[in-house]
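Keeping the supplied structure of chain Z fixed, place chain U upon it in accordance with the hints.
2 protein chains.
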Amino acid sequence: MDCLINGVHLTKLKIIPNEKGNVMHALKKSDENFTEFGEAYFTFVKKNVIKGWKKHLQMTLNLLVPNGEVKFVLFDDRSDSKTFMQFFEIILSQQNYYRLTVSPCIWVAFKGIGNGDNLVLNIANIEHNPDEAINCEISEIEYKW
Amino acid sequence: MDCLINGVHLTKLKIIPNEKGNVMHALKKSDENFTEFGEAYFTFVKKNVIKGWKKHLQMTLNLLVPNGEVKFVLFDDRSDSKTFMQFFEIILSQQNYYRLTVSPCIWVAFKGIGNGDNLVLNIANIEHNPDEAINCEISEIEYKW
Numbered sequence: 001m002d003c004l005i006n007g008v009h010l011t012k013l014k015i016i017p018n019e020k021g022n023v024m025h026a027l028k029k030s031d032e033n034f035t036e037f038g039e040a041y042f043t044f045v046k047k048n049v050i051k052g053w054k055k056h057l058q059m060t061l062n063l064l065v066p067n068g069e070v071k072f073v074l075f076d077d078r079s080d081s082k083t084f085m086q087f088f089e090i091i092l093s094q095q096n097y098y099r100l101t102v103s104p105c106i107w108v109a110f111k112g113i114g115n116g117d118n119l120v121l122n123i124a125n126i127e128h129n130p131d132e133a134i135n136c137e138i139s140e141i142e143y144k145w
Numbered sequence: 146m147d148c149l150i151n152g153v154h155l156t157k158l159k160i161i162p163n164e165k166g167n168v169m170h171a172l173k174k175s176d177e178n179f180t181e182f183g184e185a186y187f188t189f190v191k192k193n194v195i196k197g198w199k200k201h202l203q204m205t206l207n208l209l210v211p212n213g214e215v216k217f218v219l220f221d222d223r224s225d226s227k228t229f230m231q232f233f234e235i236i237l238s239q240q241n242y243y244r245l246t247v248s249p250c251i252w253v254a255f256k257g258i259g260n261g262d263n264l265v266l267n268i269a270n271i272e273h274n275p276d277e278a279i280n281c282e283i284s285e286i287e288y289k290w
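Line by line, the protein sequences are chains Z and U. For the first sequence, this note's numbering assigns the number 1 to the initial residue and increments by one for each residue that follows. For the second sequence, this note's numbering assigns the number 146 to the initial residue and increments by one for each residue that follows.
None of these hints come from the bench; they were simulated from the model. Please note that the accuracy of each hint is not assured.
What the hints assert, rightly or not - DSSO-like cross-link-like pairs, simulated, lysine-lysine; straight-line CA separation at most 30 angstroms:
no. : chain 1 : residue 1 : chain 2 : residue 2
1   : Z       : 12        : Z       : 82
2   : U       : 174       : U       : 216
3   : U       : 191       : Z       : 46
4   : Z       : 28        : Z       : 14
5   : U       : 289       : U       : 192
6   : Z       : 29        : U       : 174
7   : Z       : 82        : Z       : 28
8   : Z       : 82        : Z       : 71
9   : U       : 199       : Z       : 29
10  : U       : 289       : Z       : 14
11  : U       : 289       : Z       : 12
12  : U       : 174       : Z       : 46
13  : U       : 216       : Z       : 29
14  : U       : 199       : U       : 289
15  : U       : 199       : Z       : 47
Note that the coordinates shown come from a computational prediction; the quantities given were computed from them, not determined experimentally.
Bound conformation, chain Z alone:
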């Protein structure tokens, strides 16, 4: 994955087929990129709606899409980063089932793509704290959505 921004990890996860309803992995304590558990919360994003941009200063995100289809765009404006000024984009869904791990200080925005419920689970290393996040308008970072 040479297109990944420095500090971003994409982990292919297992979906275990079951005729009563599938089981899908999310995150284990022993997983390579796991550090600590702080909080898990869900975010819905409606079709064609964009949430972002947001940059966390302390939180590492573990993003999963168990239902629907969500496009994530990441942007690196860390001047000391190997991937300075680079974007990374990916659409996550059950069909493209990965865990997207995002280190602090990377800009994140995401857009609902699916017709039904577009559901994101974030398993973060710290609890929600508005003081450690910076928001900017979607137009402030130029990206062709």
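For chain U alone, kept in the frame of chain Z given last:
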């Protein structure tokens, strides 16, 4: 909640309305009943289908239903328990949004109720290990589903 089985906790969780898509709490490190993070995984359960019975010997479950509607039934066969031979049942959904925390050694089964995707997130204190769980057929514990 006098109907609860001993070792079972039901926690009302916040849904934060947002016109772009709601945010729903799941679990925080500082929550009263939180002990440890071991693994998070999703389970789907199709409409009118029952998964269970299963009894974990070490795992504490934190069960959430972000999408759809799922009926959980718990059964206590611990002879030293205050709630020996009692059942507890609850339907979880966005409309009845709780975290259901289940201590080890309580039987659990659940049934899909909703027409669409019935999605369960379990945030467990240990990683999945088939050796710490006992399964029995749904007919082996008599309950009028």
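Item to check | Pair hint residue 82 (chain Z) and residue 28 (chain Z), alpha-carbon separation not exceeding 30 angstroms | outcome: Given pair residue 82 (chain Z), residue 28 (chain Z) holds - Cα atoms ~29 angstroms apart, limit 30 angstroms.
Item to check | Given pair status - residue 192 (chain U), residue 289 (chain U), alpha carbons within 30 angstroms | outcome: Holds, because 17 angstroms separates the two Cα atoms, which is no more than 30 angstroms.
Checklist entry - Is residue 289 (chain U) within 30 angstroms of residue 14 (chain Z), Cα to Cα? => result Violated: residue 289 (chain U) and residue 14 (chain Z) sit about 34 angstroms apart, past 30 angstroms.
Next on the checklist: Hinted pair, alpha-carbon criterion (30 angstroms max): residue 28 (chain Z), residue 14 (chain Z). Please report holds or violated.
Outcome noted: Answer holds: residue 28 (chain Z) to residue 14 (chain Z) is near 12 angstroms, not above 30 angstroms.
Item to check | Holds or violated: residue 289 (chain U) to residue 12 (chain Z), with C-alpha atoms at most 30 angstroms apart | outcome: Cα-Cα ~40 angstroms, so violated.
Checklist entry - Are the Cα atoms of residue 12 (chain Z) and residue 82 (chain Z) separated by 30 angstroms or less? => result Roughly 24 angstroms between the alpha carbons, so the hint for residue 12 (chain Z) and residue 82 (chain Z) holds.
Next on the checklist: Please verify whether residue 29 (chain Z) and residue 174 (chain U) have alpha carbons no more than 30 angstroms apart.
Outcome noted: 14 angstroms, holds
Checklist entry - Given the hint that residue 174 (chain U) pairs with residue 46 (chain Z), does the C-alpha gap stay at or below 30 angstroms? => result Status holds; Cα separation ~28 angstroms.
Next on the checklist: Check the hint pairing residue 199 (chain U) with residue 289 (chain U) against an upper bound of 30 angstroms on the C-alpha distance.
Outcome noted: Distance ~17 angstroms between residue 199 (chain U) and residue 289 (chain U) Cα, so the pair holds.
Item to check | residue 199 (chain U) paired with residue 47 (chain Z) [C-alpha distance capped at 30 angstroms] | outcome: Violated, at about 37 angstroms.
Checklist entry - If you draw a straight line from the CA of residue 191 (chain U) to the CA of residue 46 (chain Z), is it 30 angstroms or shorter? => result Roughly 24 angstroms separates the two Cα atoms, so the pair holds.
Item to check | Restraint status (C-alpha distance of residue 216 (chain U) to residue 29 (chain Z) at most 30 angstroms) | outcome: 28 angstroms, holds
In the structure shown, a violation is registered for the earlier hints numbered 10, 11 and 15, in ascending order.
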